[in-house]
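S.K.: Letter by letter, the chains look like this.
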Amino acid sequence: MIHSLFLISNAGDLFLEKHWKSVISRSVCDYFFEAREKAVEPDNVPPVIRTPHHYLINIYQFKKLMFLFSKLGVCFIVDVLYRMCDYFGECSETTIKDNVVIVYELLEEMLDNGFPLATESNILKELIRPPTILRSMVNTITGSSNVGETLPTGQLSTIPWRRAGVKYTSNEAYFDVVEEIDAILDKSGTAVFAEIQGVIDACVKLSGMPDLTLSFMNPRLLDDVSFHPCVRYKRWESERVISFIPPDGNFQLMSYHISAQNLVAIPVYVKQNISFFETGSSGRLDITVGPKQTMGKTLECLVVTVHMPKVVLSANLSATQGTYNYDPVTKILVWDIGKLNPQKLPNLKGSLSLQSGAPKPEENPSLNIDLKIQQLAISGLKVNRLDVYGEKYKPFKGVKYVTKAGKFQVRT
Amino acid sequence: MSASSAFSDEKGGSASEPEYGHDPASGGIFSSDYKRHDDLKEMLDSNKDSLKLEAMKRIVAMIARGKNASDLFPAVVKNVACKNIEVKKLVYVYLVRYAEEQQDLALLSISTFQRGLKDPNQLIRASALRVLSSIRVTIIVPIMMLAIKEAASDMSPYVRKTAAHAIPKLHSLDPEQKDQLIEVIEKLLADKTTLVAGSVVMAFEEVCPDRIDLIHKNYRKLCNLLIDVEEWGQVVIINMLTRYARTQFLNPNVNESLLEESSEKAFYASDDEEDEDKKAEVTTLEKRKPYVMDPDHRLLLRNTKPLLQSRNAAVVMAVAQLYFHLAPKAEVGIIAKALGMFEPYLKSFYIRSTDPTQIKILKLEVLTNLANEANISTILREFQTYIKSMDKDFVAASIQAIGRCATNIGEVRDTCLNGLVQLLSNRDELVVAESVVVIKKLLQMQPEQHSDIIKHMAKLIDNIQVPMARASILWLIGEYCEHVPKIAPDVLRKMAKSFTNEEDIVKLQIINLAAKLYLTNSKQTKLLTQYVLNLAKYDQNYDIRDRARFIRQLIVPTDKSGALNKYAKKLFLALKPAPVLESPFKDRDHFQLGSLSHLLNAKAAGYQELPDWPESAPDPSVRNVEVKDSIPDWSKCSSRKDRKEKKVEKPFYSDSEGESGPTESADSGNCGESSASGSDESGSGSESEESREETESEEEEEDEEEEKKKRKKLDKTKAKKQAEESAERCAIHTIHQIRTIAPSGSIKMYELLHRITGEGLAVEYCFSRQPFSPDPNMVAVQIQFTNNTNSETKNLHIEDPRLQSGMRIREFAEIGLQPTGESVTVVMGIDFCDSTQAANFQLCTHTRKFFVSIQPPVGELMTPTFLTENNFKKEQGKLMGMNEILEKLTLGEKCVNEHVIVERVTATANLSRVPCGSDKECRFAGKTVSSGCLVLVTVTTKEGGGAQLTVNCEKMVIGTMLVKDILQALSQ
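Going line by line, the protein sequences match chains D and R. Anchor point for the first sequence: position 29 equals 29 in UniProt numbering, and the numbering is continuous, going up by one each time. Anchor point for the second sequence: position 400 equals 400 in UniProt numbering, and the numbering is continuous, going up by one each time.
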C-alpha cells in the first residue's frame with residue numbers, strides 16, 4: 001500500500017512530505033530526479049520507477065506538481081492520487097504551501113496505514129472544513145476550530161456521499177453537459193479519427209434527502225458511460241434514466257464516451273501552409289481558421305497552438321485577428337484568436353527564421369486547436385427532464401451545454 | 001508574540017529559504033529553527049488553547065516540510081489530553097510521526113488513548129485506536145492487541161472498520177501476533193456491514209492471504225454486498241475473490257470448443273435473470289457436458305459486472321482483470337467496451353504528437369496487435385504519418401511496428417518492404433538505420449525476390465553511419481552474396497579500407513562478410529580477406545582478435561586445420577531460420593493483469609501469484625450458509641434478528657445527530673443479509689431479491705418455483721375452459737383468491753409483496769377493470785392482503801407515494817386490523833396519466849414499511865366504449881396517418897376462430913367489441929382512462945393463419961405498446 005507521499009514542484013522543490021508508515025528518507029526522491037532529468041519533458045517520466053527497496057509511482061498534475069509515492073504499489077494508487085487532486089481542485093504550489101497544515105490533516109484522514117479510509121470529499125469537508133476567509137476570521141475571534149467533532153453521518157450510511165441535515169433556503173439543481181471533441185484531422189482536413197468525451201457536472205444544492213431522476217431525450221447516444229457511485233446502475237440498464245440521491249454541492253455525475261463510429265461533427269476547419277526552405281534558414285507560415293459544422297453557434301475562445309521544431313528560432317508573423325506569441329525556449333507558438341467571425345476569417349501569416357546551418361526540419365509541426373461553443377452539446381445529447389422525489393419543494397433547475405475541443409489535432 | 005504575526009513570520013521565513021527542499025539540515029535553517037523552538041515550547045506550555053493551536057500548526061507545518069521537530073516531543077506530548085479537539089488532532093499527528101524515535105516518552109500518552117477507547121463518542125474511540133495502533137512501539141503490543149479485540153466487537157461499524165485497519169499495522173510491528181490477529185479477522189469477516197467489508201479483506205490480504213478457508217462462509221455475502229462497498233474496498237475484495245475463484249472453481253475454458261455455445265447461452269440466461277430458464281439450461285448441460293459452472297462462480301461474475309460502469313478506474317480495472325482471469329472466453333468481450341480493447345476501437349489508439357512517449361509506445365503496440373488483413377492498409381497509412389514525427393524513439397518504434405505487421409500479415413509484406421525501402425532515403429539517419437534493421441529481418445524470409453533491394457542497401461553503406469545499420473547491411477550482403485556477386489567484393493574492399501575506424505559490431509560483420517566471400521568467391525577476395533584478418537589480429541578488442549583467429553583457422557586451409565575446414569561453407573552459409581519479430585510486451589501475461597508486477601514485467605515484492613485452476617473442483621458445499629428450516633420460522637426469525645440489530649444500532653445512531661436519511665434503506669423491508677440497501681437502491685427490489693433467495697435458501701426458491709408453475713398451469717387450463725364456454729364470464733379463482741370476490745375471468749393477479757419479503761404479509765393486486773367511482777380518470781386497482789403471520793397486522797395504509805409528475809393516487813381507507821390467516825381486499829385508484837410508468841409508494845403496517853410499486857400493462861390504461869360500426873369507421877377515418885399502426889402477423893396455433901381472438905384481445909386490453917358485418921374482421925374500441933383518447937383495434941384474418949392488426953390511437957406511444965402486446969397475445 002501507499003507508504004509515503006512527496007510533493008515536488010516543477011522547479012524540483014520538494015515542498016511537502018507525508019508518511020503513513022515508518023519514515024522513508026527523502027533521499028529516495030533522487031531516483032525520481034534522475035529519471036526526470038533523463039525524460040526531458042515531465043510528461044515522459046515513467047509512471048513507475050523501481051528502486052532497490054521501493055517503487056516510486058508518480059503523476060504529473062496542474063503543470064505544477066509532482067506527486068510521488070513509494071513502496072509496494074498497485075495500480076489503484078494512481079487513482080488515489082487523482083482523487084486527492086480532486087479534493088484540492090485546481091491547486092497550485094502556493095495554495096498548498098499556504099494551507100500546509102490543512103493539507104497535512106487531510107492526508108492523514110484520507111489514508112490509514114496507506115489504505116484509503118475516507119476519500120469522499122463530502123465526508124472530508126465535514127471532518128476538516130475547507131478554509132474560507134470568513135471562517136478563519138470567525139475562528140480567530142471565537143476560538144472555534146475547523147475540525148469536526150463528531151463522525152460525519154455519511155460514513156455510516158449506505159450513501160456515504162451525502163451528509164444528513166442539509167438545508168438551503170433556495171433549492172437549486174444545475175447540470176453542465178460538457179463535451180470535448182477529441183479529433184485528429186489529416187492534411188486535407190478530413191477527420192482521421194473523432195470522438196466525444198462528455199461529462200455531466202452537477203451543482204446540486206437541495207435540502208433534505210432528495211431523490212432525483214434525470215432523463216435524456218436521446219439516451220441511446222450514450223453507450224459507454226461511467227457513473228458517480230450515487231447512480232443506480234439497474235435503473236440505467238433497464239430504463240436509461242439516471243436515478244440518484246445526489247451528493248451535496250459540486251460533483252461529477254457521469255462521464256460518457258461517444259466513439260468514432262457515430263458521426264462526430266467537426267466544428268472548425270483549418271487551412272494551413274507551413275513550409276521550410278532548403279536555403280536561407282527560413283520558413284513560411286500561413287494559417288486560416290474557419291467554421292464548419294457549428295450548428296449555428298459561434299465559436300469562442302479559439303486558440304491555435306503549434307509545437308515548432310527545435311530549429312525554429314523566432315517567428316515574424318501578422319494576425320488579422322487576435323494575438324500571437326512565440327516562446328523561443330519551449331518552441332511553442334500560441335495564436336489566441338478569441339471569437340470567430342464567419343464573415344472575416346482570421347488569418348496568421350508571416351515568416352519563421354531557423355537556426356542557420358541546421359538542416360531543415362523533416363516534418364511540419366501539427367496544430368492543436370482549442371475552442372469553445374456555448375449552449376451546444378455537439379453530440380446532440382439533450383436532457384429531457386429532472387424530477388425530484390422524496391421532498392416537497394420545487395427546486396430551481398437548469399441545464400447548460402458547452403462544447404470544447406479536447407485533444408484536437410490537425411496534422412500537416 | 002501574537003498568533004497572526006507568528007504565522008506570517010513563519011511564512012516569510014519559508015519564502016526566504018529556497019534551499020530547504022534540497023538540504024533540510026543546512027546550518028542556517030537549523031539555527032533559526034532552534035530559536036523558534038524556544039517560543040514554541042512556551043506557547044505549548046501556556047494555558048491558552050489558541051496559542052497551543054498556533055504552536056501545533058507551526059510544528060505540523062515543519063513536519064510536512066520534512067524538518068526535524070523531534071526535540072519538541074516532551075512539550076507536545078503533554079498536550080495529548082488537551083480538550084480542544086483541533087489541538088488534540090495535531091498532537092496525534094505529531095505523535096504518530098515521532099513516537100518511534102522517542103519510545104519512552106511516547107509511553108506517557110498511552111493512558112490517554114486507553115481512556116479514549118472508552119469514550120462514548122465513536123469518532124473519538126476510532127481515532128484513539130487509529131493513533132494507538134499507529135505508534136510503532138513494541139512494548140505496547142499487548143495493549144494494542146487488547147484494544148483491537150475490543151474494537152472488533154464495538155457497536156459502531158466505524159470503530160470496527162478502524163479495528164480492521166489496525167490489524168495489518170500490528171502485524172507488521174510484531175508478526176508473532178499473527179494467530180491472534182487471524183481470529184479477529186475471522187470475526188470481522190462475518191461482519192455484515194459494507195463499511196467493514198473492504199477494510200477487513202484488506203487486512204486479510206496483508207496478514208493471511210493463504211487462509212482461503214476463512215472466506216468460504218463469507219463468499220456469497222461478499223459477492224452480494226460488493227456493489228455497496230466503497231470503491232477502494234471493492235478493488236481489494238475483487239482482487240481477493242479473483243484469487244479465491246481460481247482455487248475453488250474449475251476452468252470455464254477447459255473444454256473450449258464444446259463450451260462455446262453452452263456458455264453463451266448461460267450468459268444470456270443470466271442477463272435476463274430468468275433463474276428458471278437458467279436452471280433448466282444448467283441441468284441440460286449437466287447431461288451433455290462434463291463442465292458446469294458452479295453457481296457461485298456465476299454469482300461472482302454477475303455481481304461484478306455492473307461495476308464496469310464505476311467512475312473509479314481502479315474498480316473498472318479490477319473487474320476487467322477478474323473477467324480476464326475467470327470468465328469463459330465468450331464473456332470476456334464485455335470488458336472490451338469499457339476498456340476499448342478490440343478492433344472497433346482501433347481509431348481510439350491513433351497517436352497524437354502530444355502524447356507522452358510511453359503512451360505512444362503502448363498505443364503502437366495495441367495497433368500492431370489489432371492489425372489484420374482487413375484493416376492493415378488503414379493502419380499502415382497511419383504508421384506512415386508517425387514516421388514523420390519529431391520524437392525519434394517513437395519513429396524507431398513505428399518502423400519496428402511496420403516490420404511486425406509485415407511478418408504477421410503475408411499479403412502486405414511487399415508493400416511494407418517497399419515503404420521501408422523508401423525510408424532508406426530519409427534524411428534522418430536514425431530512421432534509415434532502424435529501417436535497415438527491420439528490412440534485414442524481412443528479407444531473410446524471402447531473399448530470392450529482393451536482390452534489387454539488397455543492391456540498394458549495399459549502396460547505402462557509403463552514407464549510413466549508425467553502427468547497427470552498417471552491421472545489418474554487411475550481414476545481408478554476406479548472407480546473400482550470391483545474389484549480388486559483383487557488388488559484394490567491392491563492398492568488402494571499401495570496408496577493408498575503413499576497418500580500423502569502425503565500431504566493434506561493424507568490425508565483426510566485416511570479418512563475417514570476408515569469411516563468406518572467401519568461401520564463395522575466393523578468387524576475387526582472397527587477398528582482401530587476408531588483409532582484413534590481419535587488421536583484426538591486432539585489434540584492441542579481444543573479441544575481434546578471437547574471432548579473427550577462429551575464422552582464419554576455419555576457412556583458410558592449412559596442414560594443421562582440422563576436419564571442420566571441409567564444412568566451413570556449410571557452417572557459414574547454412575540456411576538460417578527467419579527471425580520472429582516479437583512484441584516487446586510479450587511474456588508478461590503470467591502476471592495478474594493490472595498488478596504492479598504486470599506493469600514492470602518483473603515480480604514485485606509482495607506480489608501474490610494467481611493460482612492455477614484446480615484439476616477437480618473442491619467441495620462447493622463449504623460456502624453454504626446455514627439454511628433456516630421451515631419458511632414461516634425463517635421469516636419470523638429473521639425479522640426478530642432485524643429488530644435486535646436495530647436495537648443495537650440505536651445508541652450509536654443517536655450519538656451522531658440527524659440520521660433520518662440513511663436509515664431509510666434499513667426500513668425497506670428486505671430482511672435478508674445486507675443486500676437490503678442494494679436492492680432498494682437499485683430500484684428493482686424484486687430482482688436482487690430473487691438472487692438473494694437463490695443463494696440463501698435454495699429449497700425455498702424451488703418451493704416457490706413450483707407454486708408459480710402451478711399457478712401458471714391453472715391459468716392455462718382456465719383459458720382453455722373459457723374458450724370452450726365462450727364468452728360466458730365465469731368466476732374462476734386462482735388458488736390465492738379463494739376468499740375474494742371473483743374478478744372477471746381473464747383477470748391476472750400480480751404480486752405486490754411476496755410473503756417472504758413482507759415477513760408473512762402477502763399482497764397481490766389486479767386491475768379489476770371496473771370504473772373507479774370516486775374519480776373516473778383513475779384506474780381501479782384491487783389489492784388483496786393475506787396475513788400469513790402468527791400475529792395480527794394493524795393499521796395497513798399507504799404512505800409517501802412517489803409519482804411521476806401529473807400522476808395521482810387515491811389511497812384506500814386504512815385497514816385497522818387484520819387477523820392471522822385472513823385476507824382482505826380493497827380498491828384504490830391510480831391516475832397513471834396514460835403512461836406505463838410505475839406508481840411507487842410505501843405500504844405501512846404498524847411495525848414495518850415496504851417499498852412497492854404498481855406498473856400497469858398498457859392494456860389496463862383504457863376502458864371500453866360502445867361504438868356502432870358506422871361510428872367506428874368514422875372515428876377510424878379521423879385517426880389515420882401517424883396515428884395508425886399496421887402490423888402483419890401469423891396467428892398462433894390456438895387462435896383458430898373468432899372467439900379465441902376476441903378473448904385474447906380483451907384479455908390483453910380492456911376494450912369492448914364493436915359489432916361488425918364481416919366475419920373476417922374483429923373490431924374493438926375503448927378510450928384511455930385518464931385523457932379519454934379513443935383506442936381502436938382491428939384484427940383482420942386472412943387465409944392460412946395470416947392476419948393484420950390495425951391500431952388507431954392519437955397517443956402514439958400507447959398505440960405502439962398496445963400493438964406489441966396484442967401481437968404477442970395473438971401469435972402465442
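Rather than coming from a laboratory, the hints here were simulated on the basis of the structure. It is possible that part of the hints are untrue.
Simulated pairs of lysine to any residue, SDA-like, Cα-Cα distance not exceeding 25 Å [stated by the list, open to error]:
hint, chain 1, residue 1, chain 2, residue 2
1, D, Lys38, D, Asn10
2, D, Lys21, R, Lys305
3, R, Lys927, R, Asp831
4, R, Lys392, D, Thr330
5, D, Lys400, R, Gln804
6, D, Lys187, R, Asp393
7, R, Lys849, R, Val900
8, R, Lys347, D, Glu172
9, R, Lys347, D, Lys205
10, R, Lys363, D, Asn364
11, R, Lys392, D, Pro346
12, D, Lys271, D, Lys382
13, D, Lys400, D, Glu172
14, D, Lys407, D, Asp182
15, R, Lys363, D, Ala35
16, R, Lys305, D, Lys271
17, R, Lys955, D, Glu239
18, D, Lys167, R, Cys933
19, D, Lys382, R, Gly806
20, R, Lys347, D, His307
21, R, Lys748, R, Val963
22, D, Lys349, R, Thr354
23, D, Lys382, R, Gln309
24, R, Lys942, R, Val900
25, R, Lys67, D, Asp182
26, R, Lys347, D, Asn368
27, D, Lys331, R, Gln309
28, R, Lys363, D, Asp224
29, R, Lys927, R, Ser835
30, R, Lys305, D, Pro346
31, D, Lys292, R, Ser348
S.K.: Under the constraints set out in the numbered hints, which ones does this structure not fulfil?
M.R.: Result: hints 2, 7, 8, 9, 11, 12, 16, 18, 25, 27 and 30 break, sorted rising.
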